[in-house]
Amino acid sequence: MITTIIIPVFNEAQVISSVIHDLKQFGYKHIIVVDDGSFDRTSHQAKNENVYVLRHEINRGKGAAIKTGIEAAKQLYADVVVTFDGDGQHDPKDIRKLLEKVDEGYDVVLGSRYLTKQHIPLLRRLGNNFANVFTFLLYGIWVTDSQSGLRAYTKKAFDVIDTQNDRYEIESEMLREIKHHHLKYFEIPMHVRYTKYSTSKWNKQNAWNGIKTMFKLLLTS
Amino acid sequence: MKTITIYQIVLAFVAGIIVFQRTIRFFRREHSQSLFKYLTFTIIWGSIAAVALFPGIAHWIRITFGFGDNFNTLIFIAFVILFVLFFRILSIIERIETQITEIVRKEALKDIKKKKK
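Chains A and B, in that order, are what the protein sequence lines are.
Read in order, the letters of the first sequence correspond to residues 3 to 223 in this note's numbering.
Read in order, the letters of the second sequence correspond to residues 9 to 125 in this note's numbering.
Bound conformation, chain B alone (with noise of 0.2 angstroms):
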């Protein structure tokens, strides 16, 4: 039988809470838990925990879609994704930002001009 190691134990628990907080989230029905992001988080932390806790599945996915030896070009072109996102978001959010300074900047000149008439 195969030994568990304490970083997987580690890595599915924190897995296993973040899953659990979505969770209650989702069904109390708070705020921005939209049923999609509830299924993302859910399906991205569930299969770290899976991966943690049962190594083989990275193993079986492997021969199974036949990636072989090329599994760390794999992981490489998504890190490359996950770069592309982040930037992605940064831009987003910084045209969002520039966007509300407009909207406040015009709305405070809106004194200014009722002062001036």
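Bound-form chain A, shown alone (with noise of 0.2 angstroms):
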């Protein structure tokens, strides 16, 4: 069974190559970078690592750029997909329990920081329960975090998954895309790493962005 591994990034170059050193270390050799116009040098650091690099030549967004891993994945023939975090907050073993789901049949498995006991800032954490609701009422599916980047899609679910927003949108619109085709999915707690530098990244979800992603949501629900 191939499991490729999906880092969607945007200016990254400081921690892409720790990232990429700590999956291979877990065993993951199938990996693609897909630099999402970044104008640092995180496509350099990352062909370094001796993986796959996808580039795109302008910013479209983490929801486009996961649809280029994933559509990069088909041609390399891959069974299972997991999406990755390329600013360092997603922990490698965790990857190692979504598979597990995966043997067990469930077509999807999420991972989801409010299945264990962690720190995660308050703001964030209204937020995203806030989109968790928003979510439920839009899609009829209710999880526990739906704005979550680490996930895996066995190939039946990658290959009817059809996502149309290019932004952070792609993370409830796959939940849709689930409850559409009625896939199995199951969500399983996952260590969240919030370091200085994951939250201080101007690029990531922030109050106004959660309010265009809702909007733009509720334009293509």
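FYI, nobody ran anything at the bench for these hints, they're computed from the structure.
Computed from a prediction, not measured in an experiment: that's the story for all the values here.
For glycine and all other residues, C-beta sits at the position ideal for the given N, C-alpha and C.
Just so you know, not all the hints are guaranteed correct.
Not close to chain B: a few residues of chain A, all C-beta gaps over 12 angstroms, as computed [what the hints assert, rightly or not]:
#1 D87
#2 L140
#3 V145
#4 Y199
Quick list of in silico lysine-lysine cross-link-like pairs, DSBU-like style, CA-CA up to 35 angstroms [claimed, not checked]:
#5 K118/B <-> K76/A
#6 K31/A <-> K114/B
#7 K118/B <-> K31/A
#8 K76/A <-> K45/B
#9 K45/B <-> K158/A
#10 K158/A <-> K121/B
#11 K214/A <-> K45/B
#12 K76/A <-> K114/B
#13 K118/B <-> K99/A
#14 K186/A <-> K118/B
Using the hints, put the two standalone chains together into the complex.
Shown next, in the form of structure tokens:
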């Protein structure tokens, strides 16, 4: 079974090498980094790690980058794809837990920050709860972490999932597709590392982006 | 003599600045400043400034074109048209964004094809 890790990145030159290095230490060899129009040395750093590096010449958003990664994974005959954030906040240890559930027959396995006790900044926690309720009202699917970026999709799932939005809406859109295609899904607790670096980046999902995301989801629902 | 209120002055001032800026940009031959765009802006903002300073113009239009008491209906229709235009433009932008992403994706995936060979 070929498991391909997709890492969408935008200006992560500082940490991308260590993220890839960590993944390799856990035995994941099939890694696709999608550089979403970074203007730092992200692509260069990733290429040095000897993984597939695809580059969007202009920034199109996390959703677009993940979709490009999935298209590439299909061409590389992946059986399972795992989406993994490029800022170092995900723990490669959690991938094994995702894959165990895939082996049990689930089509999609979602990592959740809220199924285990850990420190999550209050504003982020509130924002996520709001997003969960909003996603539920819009698509009728309840999960404890609708905005989690750590997810595993089997071939059955990524072959049928079709998303349209390019930006952060993709996380909720994926849930819509799970519901629409009656895919079997499961949530597992995941560990998240909120470092000074990962929380200080300006391009992260903030309140204003959250409002824009909701507006776009409403328009395209 | 009728007195001019502050809001009339502010509106006329803002409209004047916009027309002035557009004129400068047009005569500097700045990129994307077509004659059509320049005239549209000048007519719209010029009219706003004119009606702000001389409200009698609105009354004159009402009488001349025979709108009578239906002037409010006309304004309502104008709003509806603006909303339709707004959503039409929104959907055009959406389509163009999707096309850009598709082109960018195709380019990015060329690399994977090369590496596979």
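Do the hints match the structure? See the list:
Separation of D87/A from chain B is adequate, the least Cβ-Cβ distance of about 19 angstroms exceeding the 12 angstroms criterion. Interface exclusion of L140/A from chain B stands, the closest Cβ pair being 18 angstroms apart, more than 12 angstroms. The Cβ of V145/A sits about 26 angstroms from the closest Cβ of chain B, beyond the 12 angstroms cut-off, so the non-interface label holds. The Cβ of Y199/A lies farther than 12 angstroms from every Cβ of chain B, with a closest approach of about 26 angstroms, so its non-interface assignment holds.
Between K118/B and K76/A the CA atoms are separated by roughly 14 angstroms; this keeps the pair inside 35 angstroms, and the hint holds. Between K31/A and K114/B the alpha-carbon distance is near 24 angstroms, which keeps this suggested pair within the 35 angstroms criterion. Annotation: proposed proximity of K118/B to K31/A holds, straight-line Cα distance about 21 angstroms (limit 35 angstroms). Taken as a hint, the K76/A and K45/B pair is broken in the structure, with Cα atoms around 46 angstroms apart against an allowance of 35 angstroms.
With a CA separation close to 51 angstroms, the supplied pair K45/B and K158/A exceeds the 35 angstroms bound. As the CA atoms of K158/A and K121/B are separated by approximately 23 angstroms, the hinted pair is consistent with the 35 angstroms bound. With a CA separation close to 29 angstroms, the supplied pair K214/A and K45/B stays within the 35 angstroms bound. Between K76/A and K114/B, the direct Cα distance comes to roughly 14 angstroms. Compliance with the 35 angstroms bound is thereby established for this hinted pair.
A distance of roughly 33 angstroms separates the Cα atoms of K118/B and K99/A; the hinted pair therefore holds under the 35 angstroms criterion. A distance of roughly 33 angstroms separates the Cα atoms of K186/A and K118/B; the hinted pair therefore holds under the 35 angstroms criterion.
Checked against the numbered hints above, the structure violates hints 8, 9; every other hint is satisfied.
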